[in-house]
Amino acid sequence: MTILTGKAEAPRRLRVRSSVLRKTWEHRADYAYVLPAIAVMLIVIAYPIYYTIELSFFNTPPGLQLRDKTFVGIDNYTAILKSPVFWTVTSNTVIWTIGSTLVSFVLGFACALALHRDFAGRAILRAILIIPWVISAVAASYIWKWIYHSDFGIIGAVLVGLGLADRPPNFIDSVSTVLPSLIVVNIWREFPFAMIMMMAGLQTVPDQLLRAAKVDGANAWQRFWHVTFPHVRNVSTVTILLLAVANFNSFIIPWIMTGGGPSNASHIWITHIYELAFGRQRWGVASAYSVLLFLILMSFGYFYVRALSGNERKDASE
Amino acid sequence: MSTIAETAHKGQARRRVRIDGWRWGGRIFLLFMLLYTALPMIWMLITSIKSGFAAMQFPPQWWPDQPTLASYQKLLDPQNSVGQDFLRFFWNSLFVSMATTILSVIVAVPAAYAFSRFTFPGRNFLFFAVLLRNMFPAVIFLVPLFILMRAIGLVNTHGSLILTYLTFGLPLAIWLLKGFYDNIPVQLEQAARIDGATRFQAFVLIVMPLSAPGIIATAIYSFIGAWNEYIYAYTFLSKNEQLTLPVGIQRFFSENTTDFPGLMAASFMMSVPVVVLFLVLQRYFVRALTEGAVKH
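Chains R and H are the protein sequences, given in the same order.
Numbering-wise (full-length UniProt numbering), the first sequence opens with residue 1 and increments by one.
Numbering-wise (full-length UniProt numbering), the second sequence opens with residue 1 and increments by one.
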C-alpha cells in the first residue's frame, strides 16, 4: 500500500488500524459459522464424557437414584478386570472387530476391482451390492435371524437337503457358532462401504501407468501390486480404520439377534456395557467400562488422525 | 446375468487367454457376492408373501403355494391395531428423520464452509474433534444423555431424538461438505466480492448453489442415519405412540413371535424409503462420501 501510494503518514496509520479492526471482526464472523455446531457438540459430548468419568468412581443404588451415589475410588475398575466375563467379552470383541473388518475390506476391495472395468449391467450390479449397507441394521438382523432359524431357517434346510446335516444346525443358539454367524451378518452389511471407498480410490489410479506396466510385460498381479496398490494405500488405511471403529462400536446386530447370548458367547464390549447400565443398572461399572472404551478408542483415533493428516500433508506438498 | 456372460464372451474373443482367467475369476466372484447380497433380501420378500402357516414348514416352501399380500394389508390397514401401530411408527420415523435432516443441513453448511475457507485458532483441533465424535459409540453417551434429557424434560419426546441424531450426523455432514467446498475455487467468491458482494452474499449466491450436490448428499446421509437409528430411540422412548420404526418392529416382533411373514413385510416396508432415496441420489452420495478420503 505505502509503496504504491507513498503519501502521508496519518492516513496510513488509520488504514492499518481499520484493517486490524476488520480482521478481528471477520475473525469473529468466522467463529459464528461454526458456533452452532460447537454448541450442539459441547452439550451433547463434553458433558456426557465428563459425567461418565465422574460416575465411574461411584457406586449407585439400583434404579436411577443417581444422587445417592457413594464414592468408591477405583473399585469399579478393579472389579471389571477381576471379572471372568471381562475376558470373554474382550476376546469376543477382538474376534468380532478383526474378523469383520478384514473380511469386509477384502470382499469390498475385490468387488471394487471386479467392478472397475465397465461391462453391461455394471451400474445395476453395483446398486444391488450397496443395498445391504443402506437398509437398517434392525431389519438386517431380523432377516438373518429368520434365515438362521433353527426350525424353519433356509440355510439349515439347504444343508439338510444336501445331506450335509441330519437336522438344521442352531447357528445362533449355540456357543461355538454364534459369533461367526453374527460376523457373517455384519460383513453382509459392511462390505459395500469398503466397496464404495475402494471404487473411488481406484479411480485415482492413472490408466497410462497400468498400460505402461502392461507394455513392459508386468502380469496382472504385478500390475496390481506395483501400480494399483500404492495408489490406493491411503484410502485403504482410512477405510480399514473406519470399518474397525464401526465394528468395535457395533451394537444392533448382536443385541437384536442374540442379546449377547448364549452364555455371553456373542457379548461384545458395547452390548455388555449396555446390559450393565440399562439391564442391571450398575451405572458405576458401566461407566468405568465406558472410560476404558474411551481410552481404547482414543488410540484408534490417534492412528485415524495420523492417517488423515498424512493425506493432507501429501496434498499440500503436491 | 446373461449380459455379464455376453460381455465376458466378447472379451474372450478379443483378448489373450491369461487376462481372461482374471476376468472370469472376477465375474464368478461378483456372481457369488450378488448371491450373498441378494438372497437374504429375496428370502425376506418371499417370506413376506406367505401365510403364517406356510412360513412354518420344514422343508420350507421355496415359493409359497398361495402367495398372499395379507401381511402388507394388515400393516397398512388403519382399521386394525397392528396397522394403526405400524403407520404411526412410520410417521414418527418420517417426522424425526425430516426434522433431523433439515436441522443438520442448517448447522453443517456454515460450519463446513468455515472449516474449508477460514483459518482461525483451534481450527484443526475443532475439525478433528468433530471427526473424533464419530468414533465414540452411542452407548457411552447414553447414560448421561438420558439423565440430561430427563432433566430438561425431553425423555419420551421426539425432541430428544432429534437433538441426539444431530450430534452423530453433524460430524460426518461437516466432513462431507468440507470436501465439496474445498473443490470450489475460491476465485469464484473473490470475483463476486470484487463485484461488490459481501462474504455472506458470495457464500449464499455463489457457493451454496455449487455445493448443492454436497448438500443433497449430506441430507441423504442424515436422513438414512436418523431413519435407521435404534439405540437412542430404544432407550429414550417408552410410550407406544412415539416409537420409531426400528424400535416399533422390535416390539411388534416380541408380541407376535411367530408372525415371520408380518415381520418380513415390516422390514421390507421400512427399507423401501431409504433404499429408493439412496438409489435415486447415490451419485451425489458416493461422491461426497469418498471425496475426503480419496485425496492423495
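There could be a bad hint or two in this list.
[Said to hold, decoys possible] Label pairs and their calculated CB-CB ranges:
1. H:F53 - R:Q65: 14 to 22 Å
2. R:F300 - H:A151: 30 to 38 Å
3. R:Y31 - H:G196: 24 to 32 Å
4. H:A197 - R:F300: 37 to 45 Å
5. R:F303 - H:W24: 31 to 39 Å
6. R:D166 - H:A151: 36 to 44 Å
7. H:L35 - R:N219: 28 to 36 Å
8. R:F300 - H:L69: 19 to 27 Å
9. R:V158 - H:V204: 41 to 49 Å
10. R:I95 - H:Q79: 46 to 54 Å
11. H:L188 - R:Q208: 42 to 50 Å
These are calculated hints, taken from the structure and not from any lab test.
Keep in mind it's a predicted model, so treat the numbers as computed, not measured.
Every residue, glycine too, gets a C-beta built ideally from N, C-alpha and C.
**Prompt:** Hints broken by the structure, by number, lowest first?
**Reply:** 1, 6, 8, 9 and 11
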